[in-house]
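Trainee: Okay, here's what each chain looks like letter by letter:
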Amino acid sequence: MSTDVTIAAVAAARRPAVPRWVTLVVIWALLIAAPYWLPLLGGYTALAGRVLVFGLAAMGLNLLLGFTGVLSFGHAAYFGLGAYGAGLTLRYLVHSTPLAMLAGTLLGGLAGTLFGLLIVRRRGVYFAMCTIAFGQLWYYLAYSWNDFTGGFDGLRDFHREPIGFGPLTLDISEGGTRFYFFLLAIFAVAVTLLGLLVRSPFGHTLRAIRENERRARFLAIPVERQIWLSFSISCFFTALAGTLYALLNNFADPLALHYSLSGYFVVMCVMGGMRTFWGPLLGATVFVMLQDYISSMTVNWMSFVGTIFVLVVLFFPRGLLGLRRQRGET
Amino acid sequence: MLEVRNVTKRFGNLVAVNDVSMSVKPGELRAIIGPNGAGKTTFFNMISGYFPPTKGSIVFDGKDVTQLPAHQRVGLGMGRTFQITEIFPELTVRENLLTAAEVAAGQTLQMVPSRAAAKLANDVAAEMMALVGLTAKAERLVGELAHGDQRTTEIGMALAQLPRLLLLDEPTAGMGDQETYEITALIRRLHRESKYTIVLIEHDMRVVFHLADHITVLDQGKLLIEGTPKEIAASEAVQAAYLGGAG
Ligand SMILES: Nc1ncnc2c1ncn2[C@@H]1O[C@H](COP(=O)(O)OP(=O)(O)OP(=O)(O)O)[C@@H](O)[C@H]1O
Ligand SMILES: [Mg+2]
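These protein sequences, in sequence, are chains A and B.
Residues in the first sequence are numbered consecutively from 1, following the working numbering.
Residues in the second sequence are numbered consecutively from 1, following the working numbering.
If you are wondering where the hints come from, they were derived from the structure by calculation, not from laboratory data.
Among the clues, some could well be false.
Unchecked claim - Only pairs whose alpha carbons sit at most 25 Å apart, straight line, appear in this in silico SDA-like list of lysine to any residue:
(1) Lys137/B to Val198/A
(2) Lys119/B to Arg122/A
(3) Lys137/B to Arg20/A
(4) Lys222/B to Ile84/B
It should be emphasised that the depicted structure is a prediction, and the values quoted were computed from it without experimental measurement.
Could you build all of it, start to finish, from the sequences and the hints given here?
Mentor: Here's what the structure looks like:
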């Protein structure tokens, strides 16, 4: 019974009420114009930057969660490694924003790639548990290694550097609109790559694994290898988002590695609709906005976000974007 | 084409398949029948590489595949379907077949869409959808189709990998008369016109006697008898096994 209902909902979602290009135009128009319309709603540009950063992290996670059907509760580890990798590079090694981003992305991505090798044979809860445990390892490392990482207070004393393109220089050291567009450009490139990935034959094999692992295996899909690659790639994207987080705040803190953040990433995916490509971005938007508005009123903001999350899951089991399309059909 | 030699499969104390041999020639349609629990699916699982036999060997196209994992046997040209339908329910019929075709074309590591590669796989998927008669339902989600169409999709997926040997585990399981009739006609076409070598497990005797060139009868893990449909129909041992099984 319930599977019939789900299938009907998916069927509806797969025949969207609006053509895809319309969705794309709307999303990009909103993102490009964010610095202009957000203040009218009481927001500020840095908030839009946060949406991009967390949106990218969640979309990266969603390659694994929504498109491969594998749950990771430890993606904050790669986000945090990205942030620390970028911060430490800027602070101790070179004053170069691109190199810092590269270093952070490699650090987080490669850590994920190696760790993925160890856990691809685990499934379900066991997989999720392993990801949490490994994530917390890094949290304690950053937390305890005071001299190097700044410990509980976080890593300070670094800031994003202007980027030189031959004779031209892009000065992103001020927060403001210019930095937002820098973030948006990186976001656009990353998301385009992700979009190509999910439409590729590789992406199709991931979807097949999500749908039916046994069948996938008997189609000769090397299930373990594909899950490992999906995990690895997803970590690279989340780590890239982590480097942007460090640049956004000129700061990296152990909480960027904490499992609670991993949980928030999952919440963003589920709330926005993890079977949709853009769902996690919507989820991140809602999450970041709520966090911003509610945390200014109460320290207990998480219980509000939690309540809203539960309501979303109860009433729109396939996430907010899943709902939009369902309506369009009926 | 397929030589199964004295295979045995034990699960703990249970001997699910006991010293069974079978030889299938190219172009043949072989039916495997037997009462519930006779070991038919277990026999299939060993042929397709779901698990290796406890004893015995399996030779496919002159190559010993006894220890090869399932995915390598698919690469060699074995395709199978399952007793309980195994499909990708939240994907369309076309996507189900397309994914199968892409994997068979060796594109599992292709991470950006490419026109040429896509055309190759799309053409195979389209051809096989036409062959199994699902073209009109190409854009439907498999999960919302009728049971018969789901089973047909599964056959289409196997075909999209361009196998030379097709293993079908109870293709008519759970079907009504009309669906059974249609899928029987499809298998007959695959055999007679498209020249596939087919091994199928089947409970419905009308289907078996209509399709098979040769029949292998298993009972309690053992090979009871092997022969043409005529020989099997006349066999007292088979009647006894089935009456015993039913009673
Ligand atoms: N993986 C397994 N582990 C343990 N026992 C198994 C396993 N697979 C099958 N068996 C047992 O082996 C015996 C043969 O099962 P099998 O599924 O091969 O029979 P079958 O002929 O396909 O029956 P049916 O007509 O009901 O499909 C049964 O007793 C079954 O319980
Ligand atoms: Mg069986």
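Trainee: Would you mind marking each hint as holding or not holding in the structure?
Mentor: Now the hints, each set against the structure:
1. Restraint check for Lys137/B and Val198/A: satisfied, since their Cα atoms lie roughly 24 Å apart, inside the 25 Å limit.
2. For the given pair, Lys119/B sits about 36 Å from Arg122/A by alpha-carbon distance, which is inconsistent with the 25 Å threshold.
3. The hinted pair formed by Lys137/B and Arg20/A meets the criterion: a straight-line CA distance of about 22 Å does not exceed 25 Å.
4. With a C-alpha separation of about 23 Å, the suggested pair Lys222/B and Ile84/B falls inside the 25 Å cut-off, and the hint holds.
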